[in-house]
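Asker: Given chain A, work out where chain B should sit, using these hints.
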Amino acid sequence: MPWTKVLIDKQDFENAAKDGLRSLSYRDALREAQAQLLRAMPEVYLLGEGIDDPGGVFGSTVGLAKEFGPERVMDSPIAENGLTGIAAGSAMCGMRPIFIHMRMDFLPMCMDQIVNHAAKWRYMTGGQVTCPLVIRSIIGRGWGSAAQHSQALHGLFTHFAGLQVAVPASPYDAKGLLVAAVKSGNPVLFCEHRWLYDFKGYVPEELYDAPFGKAVVRKEGKDVTVVAVSLMVYEAVKAARELEAEGISVEVIDPRTIKPLDMETILASVKKTGRLVVADNANVMTGISAEIAAQVAEKGFADLKAPVLRVGLPDVPTPAGSELEKAFYPGTADIKLAVNRVLGRGKSNL
Amino acid sequence: MTLTPEIKLDLLRKMLRARLFEEKIVEVYGEQEMKTPVHLYIGQEAVAAGVSQHLRTEDYVFSTHRNHGHYLCKGADMKPIVAELYGRATGCAKGKGGSMHFVDVSKNCPGTTAIVGGSIPLGAGAALAIKLKKESGRISVAYFGDGASDEGVLQETMNFSALHKLPVLFVCENNFYATNSPQKARHAEGVISKRAPGFGIPSAFTDGNDVEAVYAAAGLAVEHVRSGKGPYFLEFPTYRWKGHVGPDCDYEKGCRPKEEFLEWRKRCPVEGYIGKLALPEGELSAIKSELAAEIAAAWAYAKASPFPAPADLYTDVYN
Numbered sequence: 326m327p328w329t330k331v332l333i334d335k336q337d338f339e340n341a342a343k344d345g346l347r348s349l350s351y352r353d354a355l356r357e358a359q360a361q362l363l364r365a366m367p368e369v370y371l372l373g374e375g376i377d378d379p380g381g382v383f384g385s386t387v388g389l390a391k392e393f394g395p396e397r398v399m400d401s402p403i404a405e406n407g408l409t410g411i412a413a414g415s416a417m418c419g420m421r422p423i424f425i426h427m428r429m430d431f432l433p434m435c436m437d438q439i440v441n442h443a444a445k446w447r448y449m450t451g452g453q454v455t456c457p458l459v460i461r462s463i464i465g466r467g468w469g470s471a472a473q474h475s476q477a478l479h480g481l482f483t484h485f486a487g488l489q490v491a492v493p494a495s496p497y498d499a500k501g502l503l504v505a506a507v508k509s510g511n512p513v514l515f516c517e518h519r520w521l522y523d524f525k526g527y528v529p530e531e532l533y534d535a536p537f538g539k540a541v542v543r544k545e546g547k548d549v550t551v552v553a554v555s556l557m558v559y560e561a562v563k564a565a566r567e568l569e570a571e572g573i574s575v576e577v578i579d580p581r582t583i584k585p586l587d588m589e590t591i592l593a594s595v596k597k598t599g600r601l602v603v604a605d606n607a608n609v610m611t612g613i614s615a616e617i618a619a620q621v622a623e624k625g626f627a628d629l630k631a632p633v634l635r636v637g638l639p640d641v642p643t644p645a646g647s648e649l650e651k652a653f654y655p656g657t658a659d660i661k662l663a664v665n666r667v668l669g670r671g672k673s674n675l
Numbered sequence: 486m487t488l489t490p491e492i493k494l495d496l497l498r499k500m501l502r503a504r505l506f507e508e509k510i511v512e513v514y515g516e517q518e519m520k521t522p523v524h525l526y527i528g529q530e531a532v533a534a535g536v537s538q539h540l541r542t543e544d545y546v547f548s549t550h551r552n553h554g555h556y557l558c559k560g561a562d563m564k565p566i567v568a569e570l571y572g573r574a575t576g577c578a579k580g581k582g583g584s585m586h587f588v589d590v591s592k593n594c595p596g597t598t599a600i601v602g603g604s605i606p607l608g609a610g611a612a613l614a615i616k617l618k619k620e621s622g623r624i625s626v627a628y629f630g631d632g633a634s635d636e637g638v639l640q641e642t643m644n645f646s647a648l649h650k651l652p653v654l655f656v657c658e659n660n661f662y663a664t665n666s667p668q669k670a671r672h673a674e675g676v677i678s679k680r681a682p683g684f685g686i687p688s689a690f691t692d693g694n695d696v697e698a699v700y701a702a703a704g705l706a707v708e709h710v711r712s713g714k715g716p717y718f719l720e721f722p723t724y725r726w727k728g729h730v731g732p733d734c735d736y737e738k739g740c741r742p743k744e745e746f747l748e749w750r751k752r753c754p755v756e757g758y759i760g761k762l763a764l765p766e767g768e769l770s771a772i773k774s775e776l777a778a779e780i781a782a783a784w785a786y787a788k789a790s791p792f793p794a795p796a797d798l799y800t801d802v803y804n
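Chains as they are written, first to last, in this note's numbering: chain A, 326 to 675; chain B, 486 to 804.
One chain only, chain A, in its complex shape:
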């Protein structure tokens, strides 16, 4: 299936183009999803600081203000919590807002309205009033983005009942999951990664949903399962290809949404491979990688031939300098190391 495939480099893009499939970047897939939603659903509107400026949220909203006007593509003051509440209130009264933040680091400004209000409203009203608020935000990385312009907080939001959390890695999912998020009627944290914006992949032209709570196997394998989140899907596929040349068969699973989390697919894979590495571009400390490891320990312990290993960020704020950044961010090599370690091969094999 063309949509399950992640294209990780230029060669992949060129091969896909030869197949004649419609290809879009992650950025354009997001833009197309929003344009089609605005066309199809009068209750949809976009809100966010600078979303109508020439840059258009790294290109993901370019031209939308011109096409749909300032009432449906609304620039906003820098008032994150108040605006989250205003968007949430409008959602409770029939609208379907998409509130957009250039950086995920701005979400802690909105915690009260996201966590105390949007997440809980349906339950507190006995299911009578829903809050279909979608919040797009982008994880930054590199060029000295440092501690306040690069946080990956997706795992944090899985802690709160009532919220759903999408972490699309492919252009297909960027569009399909955003459409599904808006249609779901739930408050959804839609977590993008800045480094995914230029990746291309198959994206159908029509408006379609990608399912929440349904993981996809990005690459099949039999020796080790790697569950990879967001940008780490690419690192994991790359690692799997390189390890294949060394005779190690790695299965890469992309959960696509981490709330709901498709443990069934993960547990089935672990049953097959007996070994698990979880790779996330966020802190390992109480991150989603911790939750996946815990659930596998609870439900699939008997299938494990080795302890679960996690690849993620260390428990320090993001540094600014380029050499410290290199030391901070894990990548393909770290995943390969972890795969070797769960196979009992240790560092000596690398």
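Rather than coming from a laboratory, the hints here were simulated on the basis of the structure.
Among the clues, some could well be false.
Here are the computed distance ranges between Cβ atoms for each label pair [what the hints assert, rightly or not]:
no., chain 1, residue 1, chain 2, residue 2, range
1, B, Ala673, A, Pro395, 31 to 41 Å
2, B, Gly637, A, Ala622, 36 to 46 Å
3, A, Met366, B, Lys743, 57 to 67 Å
4, A, Ile403, B, Arg541, 34 to 44 Å
5, B, Val590, A, Met610, 50 to 60 Å
6, B, Glu620, A, Ala622, 46 to 56 Å
7, B, Lys520, A, Lys596, 37 to 47 Å
8, B, Lys788, A, Ile403, 30 to 40 Å
9, B, Ser712, A, Gly380, 34 to 44 Å
10, B, Val802, A, Ala622, 24 to 34 Å
11, B, Val802, A, Pro536, 14 to 24 Å
12, B, Asp692, A, Gly538, 17 to 27 Å
When the alpha-carbon atoms are kept at most 25 Å apart in a straight line, the in silico PhoX-like pairs for lysine-lysine are as follows [to be verified]:
no., chain 1, residue 1, chain 2, residue 2
13, B, Lys773, B, Lys761
14, B, Lys669, B, Lys509
15, A, Lys596, A, Lys624
16, A, Lys508, B, Lys618
17, A, Lys508, B, Lys616
18, A, Lys651, A, Lys547
19, A, Lys597, A, Lys651
20, A, Lys508, B, Lys751
21, B, Lys616, A, Lys391
22, A, Lys391, B, Lys773
23, B, Lys493, B, Lys520
24, B, Lys788, B, Lys773
25, A, Lys539, A, Lys563
26, A, Lys391, B, Lys650
27, B, Lys727, B, Lys743
28, A, Lys391, B, Lys618
29, B, Lys509, B, Lys592
30, B, Lys773, B, Lys743
Note that the structure is predicted; figures quoted are calculated from it, not measured.
Backbone N, C-alpha and C fix where the C-beta goes; we use that ideal spot for every residue, glycine too.
Answerer: Same frame as chain A, now just chain B:
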């Protein structure tokens, strides 16, 4: 804004309905069957009555932990809210909200929040929905207290609402205490509504214990908002007789001077209005017994209602 005899009676009936409802809570709270923290509105009823008199069913109301009076005056059905106080399956939120989260969708009361300040942006959000859906003539009301005026969301929301001319009415009930912290310990400037003109929002500061004064001020404000001129800010100084939470008076615990309470007690909005109206004999007692019957029926309904099943814990989280 002419005050007809019908409107006067209605104002009195609204205040009495809220007052008698909460007096019943005070009466039975010690039984400990009502296992929910109650934030009573006794003493402040003139505000909700006077404002609600101008509201239509279609208008939205967002309220706070101290919401009983706002919802009852908006016309909320009493049975499901009493059932909610008792945690029953027939409660307005199926026993999942309690006293702090009343809801009545049929009266366009989409819920209340127990996080101070939360009702302010939500109320403006409802007004944004009204504007985007071009439902001209419909308005939204955000109730909050002087404590909530300390929150950043008030400033954020006033700015955005003025910028987009949202049909939202801000109603600040200044009862001079945020939990137990007196306003003078929190504010250099005591008149909260003075901030609104700084955002381009007209405002009024009106005696919140005089229901006819509230009615007059709210009439002008609602007319302004309804006609599409944008938001309006009303501040009503008033007084909470009970503690921040629970059925008791908090001066007994040293939370406020007793003399201060007694001064405000003399200015009871309900008794004052009863005295002012001087209704013919029989008319007041007829209203009271009608309300007593409604209250008795609501309590009987609640207590006869089943509790939710344990499995209901897991429903109503997601769509």
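Asker: Of the numbered hints stated previously, which ones are contradicted by the structure, given in increasing order?
Answerer: Going through the list in order, the structure violates hints 5, 8, 12, 14, 18, 19, 20, 22, 23, 30 and respects the others.
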